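Novice: Kindly produce the complete structure, drawing on both the sequences and the hints.
The opening position of the sequence shown corresponds to residue 1 in our numbering, with each subsequent residue numbered one higher.
Incorrect hints may have been included.
Here are the simulated BS3-like pairs of lysine-lysine, each with C-alpha atoms no more than 27 Å apart in a straight line [claimed, not checked]:
#: 1; residue 1: K119; residue 2: K69
#: 2; residue 1: K135; residue 2: K4
#: 3; residue 1: K66; residue 2: K119
#: 4; residue 1: K114; residue 2: K135
#: 5; residue 1: K69; residue 2: K20
#: 6; residue 1: K4; residue 2: K66
#: 7; residue 1: K20; residue 2: K135
#: 8; residue 1: K119; residue 2: K20
#: 9; residue 1: K69; residue 2: K4
#: 10; residue 1: K118; residue 2: K66
#: 11; residue 1: K69; residue 2: K114
#: 12; residue 1: K20; residue 2: K115
#: 13; residue 1: K20; residue 2: K118
#: 14; residue 1: K69; residue 2: K115
#: 15; residue 1: K114; residue 2: K20
Hints listed in this document are in silico derivations from the structure and should not be mistaken for laboratory results. Here the structure is a predicted model, which means the values were calculated and not measured.
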Amino acid sequence: MISKLLIGGYLFVGSILDLKRRYLSIYFLAIMCPIIIIHFYLVLSLSYIQIGLGLGLMIGLLLISKLSKEAIGSADCIIIGGLGVMLGVETQITILLIASILSSVVGILLLIVKKANKKTRLPFLPFLFLGYLIKLTM
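Specialist: Rendered as structure tokens:
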């Protein structure tokens, strides 16, 4: 329970920062390390394969980020990787899928009401936070 609150709180604060600044500092990303350590201390239930797959997805997303000129933010990729290390690759992919669907719906709605264009960049961390909350309720 405590680790779920830590992860949720971290994603919530990150969402606010991402919405306000459209940037996450390295210091904010570094805060994830003690959360991962606390999570492992409280809930050591993942295999090394699960952790490796979670990190593998993060590395793949970071490569896509660099190749696409940051169409996916590097900070988002790192946070997604942290989720994979803490929650496992299946939960990581579920949260990523939910977040992607939510961001697509919001993006389409913003295009329809002409509040955005094709090049408008949406912060992704709020959608990851919502995806995490939805996954908790499943």
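Novice: For each hint, tell me whether it holds in the structure or not.
Specialist: Consistency of the hints with the structure:
1. K119 / K69: Satisfied, since the Cα-Cα distance of roughly 13 Å is no more than 27 Å.
2. K135 / K4: 11 Å, holds
3. K66 / K119: This hinted pair holds, its Cα atoms lying about 17 Å apart.
4. K114 / K135: Measuring from Cα to Cα gives roughly 31 Å; hence the hint is violated.
5. K69 / K20: 22 Å, holds
6. K4 / K66: 31 Å, violated
7. K20 / K135: 25 Å, holds
8. K119 / K20: 19 Å, holds
9. K69 / K4: Roughly 33 Å separates the two Cα atoms, so the pair is violated.
10. K118 / K66: Holds, because 20 Å separates the two Cα atoms, which is no more than 27 Å.
11. K69 / K114: 25 Å, holds
12. K20 / K115: Answer holds: K20 to K115 is near 17 Å, not above 27 Å.
13. K20 / K118: 21 Å, holds
14. K69 / K115: Judged against 27 Å, a Cα distance of about 24 Å means the pair holds.
15. K114 / K20: Within the cut-off at roughly 21 Å; holds.
The structure fails hints 4, 6, 9 (numbered hints given earlier, in ascending order).
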